[in-house]
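Visitor: Take a look at the letters that make up each chain.
Protein chains: 2
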Amino acid sequence: MSGFILHPRLEVDTAFVADWALCRLLAMKDARYPWLVLVPRRSGAVEIFDLDEAGRAVLVEETARASRGLKALSGASKMNVGALGNLVPQLHIHVVARNPGDAAWPGPVWGQGRAQPYADDALAAWTARLREDL
Amino acid sequence: MSGFILHPRLEVDTAFVADWALCRLLAMKDARYPWLVLVPRRSGAVEIFDLDEAGRAVLVEETARASRGLKALSGASKMNVGALGNLVPQLHIHVVARNPGDAAWPGPVWGQGRAQPYADDALAAWTARLREDL
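Protein sequences appear in the order of chains A and B. Letter by letter, the first sequence follows residues 4 to 137 of this note's numbering. Letter by letter, the second sequence follows residues 4 to 137 of this note's numbering.
Errors might be hidden in some of the hints.
Identical copies go unnamed one by one, so any copy, or any two together, can satisfy a pair.
[To be verified] For lysine to any residue, the following SDA-like pairs were computed, each having C-alpha atoms within a straight-line distance of at most 20 angstroms:
hint, residue 1, residue 2
1, 74, 116
2, 74, 10
3, 74, 11
4, 32, 61
5, 74, 53
6, 74, 8
7, 74, 54
Source of the hints: derived by calculation from the structure; they are not laboratory data. The structure presented is a predicted model; accordingly, all values stated were derived computationally and were not measured.
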């Protein structure tokens, strides 16, 4: 895992939550949705199949952990999980809590409208809560 | 896996390719993008974490297999993988081959424009090719 550097766009758009066994867990700075991003700390990984089988098994477990935890924490009705990377090639998995009537429902959140920033205090409280509960 | 019934919306929107160990592999009837859908044959599964750990390990392997194979087959520059389910709750994983300049680039494909049907012959040829190559 040496040489891992978070993509500058993710560095700007997210806040650090925790380093799990494989992934760096990040919170998207967008208060419209409870929104996590998992980034495997494997330099050069772009697609899920760039990880080896053992890495993929951890990836899906960490994705399930984030998704189950965020659903419980947020009370959301549906989780959206996506690995797109059309703009940021570094492999990263979005885990987004969705509800009927949210800003993009029933469409996907990506590329829809503008991020709504958290107040600094609210962001710190949110990442602390994620660190504790997930 | 008894009692598995494909959601009627997926039944209409996709064509059968193959049954893998866990998932039914389907081809989306939309010629704008090389587009697969994997549906775990587990009745009642909605979220990835509704599968058990063994099921999730197979799910990520079948997702990687579909994604690697479709990228090679299509020559696409990026694969998009997503489990959304805002409209169709039955757990299903989209695997979509993307290229700069395609109909939705760089945004996500979901909810964008209208599906472009394949001619019947072309759809049969496409699913046969998928069956052989993936």
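Visitor: What are the numbers of the hints that this structure violates, sorted from low to high?
Guide: Going through the list in order, the structure violates hints 1, 2, 3, 4 and 6 and respects the others.
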